[in-house]
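This is what each chain is made of:
2 protein chains.
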Amino acid sequence: MAAGAASDQSWKSRVDSPLTDETIAEIDAWWRAANYLSVGQIYLLANPLLREPLTREHIKPRLLGHWGTTPGLNFIYAHLNRVIRERDLDTIYIAGPGHGGPGMVANAYLDGTYSEIYNDIDRSAEGVRKLFRQFSFPGGIPSHAAPETPGSIHEGGELGYALSHAYGAAFDNPDLLVAAVVGDGEAETGPLATAWHSNKFLDPATDGVVLPILHLNGYKIANPTVLARIPEEELFELMRGYGYTPYLVSGGFDGEDPIAVHERMAWILDEILDRIAEIKRGAADGTLEGRPAWPMLILRTPKGWTCPTTIDGHPAEDNWRSHQVPLADARDTPEHTRVLEEWMRSYRPEELFDESGAPEPGVVALAPVGERRMSANPHANGGLLRQALRLPDFRDYAVDVPEPGATIGEATRVLGTWLRDVIRDNPSNFRIFGPDETASNRLSDVFEVTDKQWDAERWPIDDDNHLARSGRVMEMLSEHQCQGWLEGYLLTGRHGVVNSYEAFIHIVDSMFNQHAKWLKGSRALPWRRPVSSLNYLLSSHVWRQDHNGASHQDPGFIDHVVNKKADVVRVYLPFDANTLLSTYDHCLRSVDYVNVVVAGKQPSPNWLAMPEAIEHCTRGLGLFDWAGTEVAGEEPDVVLACAGDVPTVEILAAAQILRERVPTLRVRVVNVVDLMRLQSEGEHPHGLSDREYDAVFTPDKPVIFAYHGYPWLIHRLTYRRTGHANLHVRGFKDEGTTTTPFDMVMLNDIDRFHLVADVIDRVPGLAAKEGVLRQEMQDARIRAKAYTREHGEDIPEVAEWSWTGSTPAGPLSTGGDND
Amino acid sequence: MAAGAASDQSWKSRVDSPLTDETIAEIDAWWRAANYLSVGQIYLLANPLLREPLTREHIKPRLLGHWGTTPGLNFIYAHLNRVIRERDLDTIYIAGPGHGGPGMVANAYLDGTYSEIYNDIDRSAEGVRKLFRQFSFPGGIPSHAAPETPGSIHEGGELGYALSHAYGAAFDNPDLLVAAVVGDGEAETGPLATAWHSNKFLDPATDGVVLPILHLNGYKIANPTVLARIPEEELFELMRGYGYTPYLVSGGFDGEDPIAVHERMAWILDEILDRIAEIKRGAADGTLEGRPAWPMLILRTPKGWTCPTTIDGHPAEDNWRSHQVPLADARDTPEHTRVLEEWMRSYRPEELFDESGAPEPGVVALAPVGERRMSANPHANGGLLRQALRLPDFRDYAVDVPEPGATIGEATRVLGTWLRDVIRDNPSNFRIFGPDETASNRLSDVFEVTDKQWDAERWPIDDDNHLARSGRVMEMLSEHQCQGWLEGYLLTGRHGVVNSYEAFIHIVDSMFNQHAKWLKGSRALPWRRPVSSLNYLLSSHVWRQDHNGASHQDPGFIDHVVNKKADVVRVYLPFDANTLLSTYDHCLRSVDYVNVVVAGKQPSPNWLAMPEAIEHCTRGLGLFDWAGTEVAGEEPDVVLACAGDVPTVEILAAAQILRERVPTLRVRVVNVVDLMRLQSEGEHPHGLSDREYDAVFTPDKPVIFAYHGYPWLIHRLTYRRTGHANLHVRGFKDEGTTTTPFDMVMLNDIDRFHLVADVIDRVPGLAAKEGVLRQEMQDARIRAKAYTREHGEDIPEVAEWSWTGSTPAGPLSTGGDND
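Quick mapping for you: the protein sequence lines, in order, are chains P and Y. At position 489 of the first sequence the residue is numbered 481 (my numbering), and the sequence of numbers has no breaks. At position 548 of the second sequence the residue is numbered 540 (my numbering), and the sequence of numbers has no breaks.
Chain P with its partners taken away, still in its complex shape (with noise of 0.2 Å):
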């Protein structure tokens, strides 16, 4: 069924058919099954099935995976079967413990999902081998729910993350449930802690539903986690307060039978999703009112439930030393092997597998069938899902721009416009997130079209500020929710920007780390289909934070960034709106990439009609004949190279105060808006050869580079240019608080009058031809620092300047005497 398409056949109440023995054997039957695969992946290179006594060479030399919470996510799952199957729902799990791989895997080879995509681990004695071996061993597969896991969108090997997943997920499914497990050691993680307030901003109608469970399993690596060391009731309140509706399952301790615990869980499980299907029909048919405090599970269970209880004399089961390997000895400790054997054999293999070695069909009984399976659901391999945007021509949207420079323009604002008409356009596949700044970054006009969808209490108050219970805005001041709201949403087939201040999206590196290397893994297996590009557009960026000050600057996210792989990562510079308007259209068209894109809000000009725009985008970089002063066919003395719309402004402006001053000069103005280019051809797919990079920056001149951010990224990017020892970058050196523009840049050496001393300070000869321009160049920032300081505003040569292409004109010639 397409994405956002409502059924009839959803959200079915409690089947009538009681729970039988028989269901909760099956039930049963799988949780055993999926338990000895996962015990089997962690230990075993060969013996699968234990059809011969347990020896040394059957057990891997090296014992790598995480016991600990696998037994609950495999119980969560085979219960989750089962509701399936009788409620035909559509359902995608997410592992939010780290290192659930060998559950999830173990899973997804019940259900016969593992084999149809990987062929070659079949349903036999040799496929539960081949299984078995490539868990966490070399050229095999990792520990936790990675892109190689069939039915997962969470990694989870950084935890925090998983409700905020679950969420973006089910925003426009309103028939999808998504079953998220949180750890009870995730549980204590910032990200997490905040992300179930998440409830507020999901509209029961449109949306999908979140099923959180909270797997107490009591401990994390070495310790006890805090939400199982408090008394239930200060948890249960806990959980109302957060705005659910709590229901417990408990058991398994002291050798409790776990069949009466399954038989607990099933009946809870039945509540739920009763519960669920009431607040659907009423969402559905009007009559829910207010936020639903929809359902969510508490499950309490041992730590690796099912394990031996004690080992060499400590507890091990329901403690925390079962969290990794609880036989870490298995292989050089007879009585550890012997354990071990005994444990899988507590499993009883034989009557979970026939002779072939294939799930005996009693087993699997409680699969689900196609795509219902959780491993193959498509919801959790997106790009299955995904439509294309359709996206309004943004040339429709350009600003006019008669010569450059001559009009003026907000770049964010215009970019509003387009996206206004991307939401307007696209009703159900696209979102905007972020942290309460999209109206600050100027992208207001989405608003015309839609609202920032908000299911916390509304008033009369808030009636001209767009907030409504369905909208294509999200926002809540949580950069980790905004991300991993719109990860999960791209991760399920959809698109979608995050907008944030630029110093603020450090907070969200190690999302982007992960995201990242999410797809890289997914590039590299074709069953997993392209998703859209994570989008991010960082404004209020570091030149221009006037309300702010030090504590938030910082454009150093681009440094991070381009850490990673090359094919995954992008990083553009647009100087005016027209440039934004072509690189966004880029952004939203492309898959599996991530974009940064850093964009001024402030009023600034406007360099580029739309047709240049267009081609300057396209080539990444470019030339601006215009600002220069080359003769054709000879080479310039200079190059002026800048990327960024501040930087870009002022390496224009001490091209027109060299070009009035110093007319010989030859100079050469570049402009990089997609700084991959500078990189080598060999490092990243858009670098530039080095015969284009040397046609551009010349293999002997001076370069003067006016960057954005952090000026060495520049020499990190080029340090094996020709060219190299000539370059001289100016950029983001961490001084300046809040103050003026312009003080910013002077702070910082970026300024116009700075940039000129660079020139003459290295271009040869110019230094003693010109040492009267560079001592006005330096009486000029002494002026400007002095009547910022005076005035409070920057001084008006600067604050009123504006480009003229062909009258001599600018700063120097408008200078009063400010003494």
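Incorrect hints may have been included.
You can't tell identical chains apart in this list, so a pair holds if it fits in one copy or across any two.
To be verified - Here are the simulated DSS-like pairs of lysine-lysine, each with C-alpha atoms no more than 27 Å apart in a straight line:
| id | residue 1 | residue 2 |
| --- | --- | --- |
| 1 | Lys777 | Lys122 |
| 2 | Lys761 | Lys557 |
| 3 | Lys725 | Lys122 |
| 4 | Lys761 | Lys512 |
| 5 | Lys693 | Lys4 |
| 6 | Lys725 | Lys557 |
| 7 | Lys512 | Lys725 |
| 8 | Lys777 | Lys557 |
Everything labelled a hint here was simulated from the structure, so no lab data went into it. Keep in mind the model is a prediction, meaning the values are calculated, not measured.
Starting from the structure of chain P, add chain Y where the hints point.
Just chain Y now, kept in the frame of chain P:
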């Protein structure tokens, strides 16, 4: 009073003096004065006391600042002043909401601290004028509670860390009350959402008290806040679920007289402090059982309280529109100028300031005296209280290294023995923080003398797990909490270490940024005394992620750190136990730095005996003469350089192969332990001069550099060096998932075989002569890879490799036939 000492006088119950109208009037006068001074800072350049009609010229040309949160912060400050006086409380104030600067400055001015520190801003009309002018003005002070703000340890520019800082300040300060105001915007962030759980890590007897004050002012930049838009009962449940006893004060809406709100606030604050005193008494006399439900206050007041109700027909007070500057055109619109004057006169400045412009005595009567003033409390200028650690002589913990590589050690485990005794000798001002990884990082010897502080439930099963109400190790699965607690602990004058897996430390990139900027800011202020450095110990590093896999691997925290100001950051890569001991001794003695130390925990050769280790670490880099084949007085043919433990092993193995196979080649081996040595001396205080650099790395010989992290960082640090064109760096390039250690280095081309091939390729003439060896290296890689894929462990020739200083030995002589 010294930190940590308990006082009989603290924590008085209610003083038996009922609240009088006079006291309430005093509170209100203070509040009006603070509000007046806050508005003045945002708007006025001149006419500070409104002694003439307000005109355009009196108003700042650029209005920067945030009014919205300020009246609430001032309200709380005024009320705290009363209870501090009445109960003689030792109190600091943490202003969580961003942009609280004007309020905090106003209060510090009123209580006299500001003028004591900044003498030119005296208590006169001229002083008030200067106070106003400097705010968010070029060359002035920023809009946050920055280092420049007396009484602040929390800048709050980026939101989320108020409570973590507050608890960090309270640890080991049993008499300290930390009033922590949490904005309802900030409360949406992940780090803040989990920071509430800090109460499970506080010892009521030996730690101080945190009073969280959740300030529900209802709005963020452009949206309502989540916690202000859930039913109050739900919010109460949330707070009870977090383990607090919530109290509510709500008022000021719809024109309610503030006097009535003052009365309720004063009454509730007394209730709260009585309850706190009761808990503290119980903790002191041993009658307190279990974890107390500490009080917390929910204060619901209108955003922008007391500003104009509406502006230009839009609501201002109690609306998101009062977030920043409610009258944006105050200068250029006569009507706005008039409204501003009316607004400011509503505080009745004529009653607040005397003829000279000094605050009237009745207005500031509420101020506590001396160091009881929150702005002057020495805990908020922790360097005043800081006592140097008593450090046991680290040389006594040295491992025996009769010759290089002769013994094997786990570096961090050895460090743990020294840290154990650091804890023993410093029982109340040193703590170790970590997200559940202290034991995993092999520091477990510390548990011989201390415990993990844990005030959630302790069960009998924990008996061997070192959980106790009081202890020196703080473990919660939130890197944000760990770092935030440590920052609060350091800024109040104590010492500590945060240990983490290297892969997860990007989670706190943004927190690191802010702390580094705080240090940079406070170093410029003579009155701020130096605080202990923030010490990171990053283990389980990128080369040894056997249990984890791709999603965890990233050594780029170093790249992030070196973007910050050189005078604040230090990066060390000790490569064995003795160099780690020497490095950490240095770190724990240092002040005002961020020290990043990356060190291995896996068994690895010890290379240097302690005297050599000390010499090496003191120099920061040096030659391993014993590994090279230089001839005295001659330049080497090639330099093999390394930084980090695993790269050092691979470089030494490569050197061994070369010594054996190409004995005539003159090889120099260099190790870099202090990464900042590579930078130019102009860039970093630790930087080598070019002459020194050339002496070590040669100006013109090939340098093969094996580096722990992303290779381009080495280029970024050295691109101006003479021999940079000959520098060839191998490092982590984001390859590899769960596999063996040697496979990891092979996947990233930093293995010994590849390094030897690099040498052959780069030493002029060598490729022609050593084609056979070149091929052999290639074959060795293929063989090692095949063995690993086959056996699941590293090929014995590398797994069992050991350095032999004199005897030719090593991989190729032991390699068998592995086909």
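Verification of the hints:
no.: 1; hint: Lys777 <-> Lys122; result: between (71 Å within a copy, 19 Å between copies)
no.: 2; hint: Lys761 <-> Lys557; result: neither (47 Å within a copy, 36 Å between copies)
no.: 3; hint: Lys725 <-> Lys122; result: neither (54 Å within a copy, 29 Å between copies)
no.: 4; hint: Lys761 <-> Lys512; result: neither (54 Å within a copy, 40 Å between copies)
no.: 5; hint: Lys693 <-> Lys4; result: neither (73 Å within a copy, 75 Å between copies)
no.: 6; hint: Lys725 <-> Lys557; result: both (26 Å within a copy, 8 Å between copies)
no.: 7; hint: Lys512 <-> Lys725; result: between (32 Å within a copy, 13 Å between copies)
no.: 8; hint: Lys777 <-> Lys557; result: between (42 Å within a copy, 23 Å between copies)
Going through the hint list in order, the structure does not satisfy hints 2, 3, 4 and 5.
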